[in-house]
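K.L.:
If you read the protein sequences in the order shown, they are chains P and H.
Each residue of the first sequence is one higher than the one before, counting from 1 in this note's numbering.
Each residue of the second sequence is one higher than the one before, counting from 1001 in this note's numbering.
These are computed hints drawn from the structure, not numbers from a lab.
The beta carbon of each residue, even a glycine, is placed where N, CA and C say it ideally should be.
A portion of the hints provided could be inaccurate.
Pair by pair, the computed Cβ-Cβ distance ranges are [unchecked claim]:
1. H/His1052 to P/Gly314: 37 to 43 Å
2. H/Arg1187 to P/Ala297: 37 to 43 Å
3. H/Arg1187 to P/Arg129: 32 to 38 Å
4. P/Asp306 to H/Arg1016: 57 to 63 Å
Number of protein chains: 2
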Amino acid sequence: MTTPTLLVLDAEPLPRLGRLTGRVRVEHADESSLAERLPHADVLLVWDFTSHAVREAWPGDGPRPRWVHTASAGVDHLMCPELAACDTVVTNARGVFDQPIAEYVAALVLAMAKDLPRTLELQREQTWRHRESQKVAGSRACVVGSGPIGRAIATTLEALGITTALVGRTPRTGVHGPDDLDRLISRADWVIAAAPLTERTHGMFDARRFGVMQPSARFINVGRGQLVVEDALAEALARRWIAGAALDVFETEPLPPGSPLWRAPGLIVSPHMSGDTAGWRDELAAQFVELYERWEAGRPLVNVVDKQRGYVPGH
Amino acid sequence: MTTPTLLVLDAEPLPRLGRLTGRVRVEHADESSLAERLPHADVLLVWDFTSHAVREAWPGDGPRPRWVHTASAGVDHLMCPELAACDTVVTNARGVFDQPIAEYVAALVLAMAKDLPRTLELQREQTWRHRESQKVAGSRACVVGSGPIGRAIATTLEALGITTALVGRTPRTGVHGPDDLDRLISRADWVIAAAPLTERTHGMFDARRFGVMQPSARFINVGRGQLVVEDALAEALARRWIAGAALDVFETEPLPPGSPLWRAPGLIVSPHMSGDTAGWRDELAAQFVELYERWEAGRPLVNVVDKQRGYVPGH
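One chain only, chain P, in its complex shape (with noise of 0.2 Å):
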């Protein structure tokens, strides 16, 4: 059996692959050698998750790899038609960024409630001013995404005594479906944007979904930047139709200096760290290699992207 070829479209650090040495021959790609490598690889590793990369350079000639794995949670920066017809599996990082994201979440929570922001900048001033804040026991969530990333926030907002309602593309158990969506929004202090970025959730959060929201909610998205009309958002903001938001992720990354967003009244920007704890990188290597040897060992893969879907499906 020849040794297999694993591609890996790089970004620094490099993953470090471990147990893997000598029973693989590691090639590398950057953005612009992609699509020369593609047809010689067995496997593609898109250790380069910020990478449009691969969407771009699959559709071209030659074989394909049969397995690309995803070092996100997302796959909307890989996925493109001839990838979704072919036979090739698409994996993803499902379950590393679950908790990191649940915590960040509850932090933003947190700190709009406890209006530490302001509480910053008057430290920056040396002004001592007095606030009443308030409490998140008692308040609603809408979480709109019920994988696992929407499953852990809706637990760890629980657990501070916020009323979550999860709502995901079908109604199950614990789940509600679109059509409960403007309802459950319009009665909530936070709505949550942990979805998948597919067709249908693309643009998602427009002027009318701010309209529907209370004056008092806050909105925040962990998921991907096209979930938002940014421009909407930053009306509602300015509006004031909502209270306050938060995003970690955006229609363009890096968010461009200049960007009306980094001076959005209300708006906490960061830049898409809500996943990204200590050793997250040897997270997703460790993850990787044991899917390799799952693969390596003619075994069943895990975390297979329903492709049409764009994302895991699960329970």
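Given the coordinates of chain P, work out where chain H should sit on it, guided by the hints.
P.N.:
Chain H only, in chain P's frame:
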């Protein structure tokens, strides 16, 4: 029976005593008139819980109120040997602040773990800079103070997956005694001060104790400023003996402009607001009204402070 006189040491906004109207003669005092009015009062409501006027006026001549209630959890601002020695009952606002303060501590823990202050700084500079943050689940906290506030903090941190030890004056089930303190803080990622200010707790967080903590530890004080030797904390931060801190309470409040604490590295300064969620003043007033009705009916008061210990002893 003559109508009892309730003397209120005032602060704006005044308490809404609702259904007590007509059943009690309400008189008002400020810091300068307190000494003169004290002999004519049956009950003293310390509504201005930032004032030390009671401690100063109490030792004077004449009769004294039979009952003193303070709209605060701590009683350090009013206790003096003469009040401790006499028959007057002292009650506090036990219960009102537990959940808000627990949430506030969770907000600070998560904000520090997720590097939120730096995120807000970078946002101001319109700079996109990804950083790794910390997972709080699996970390360790030590909460000093085993009253209802300390216990609520422990419950909330445990709900976030943080292994939390409580330290109180007397070891009992679920509560460590002072002998365990150094060992516990030497292993804690989060050290939370939520103890009453007493002779035993005054200055307990000093240079030696900050030296015992891990370089990665963060310290949070939501108890009383005097629990902490502030210069020692500033130095511990400057020398990186610990990784960060948040103070909501200070030796001198308001913290004066120009205090080096405003700019101490890695320190979050907030204006004694951790317990004050929307509606808190009405909750404090309602709690006093309930206590007053017990007193009026000759039923035993609750939230009775052990005047030797300086807090309400509990389970």
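K.L.:
All the hints need checking, so say for each whether the structure fits it.
P.N.:
Consistency of the hints with the structure:
1. A hinted range of 37 to 43 Å for the beta carbons of H/His1052 and P/Gly314 is inconsistent with their spacing of about 59 Å.
2. Taking 37 to 43 Å as the suggested C-beta distance range, the pair H/Arg1187 and P/Ala297 conforms, at roughly 41 Å.
3. Distance hint check: the CB atoms of H/Arg1187 and P/Arg129 are about 37 Å apart, consistent with the given range 32 to 38 Å.
4. At roughly 58 Å, the beta-carbon separation of P/Asp306 and H/Arg1016 lies within the given 57 to 63 Å, and the hint holds.
In terms of the numbered hints stated before, the structure departs from hint 1 and from no other.
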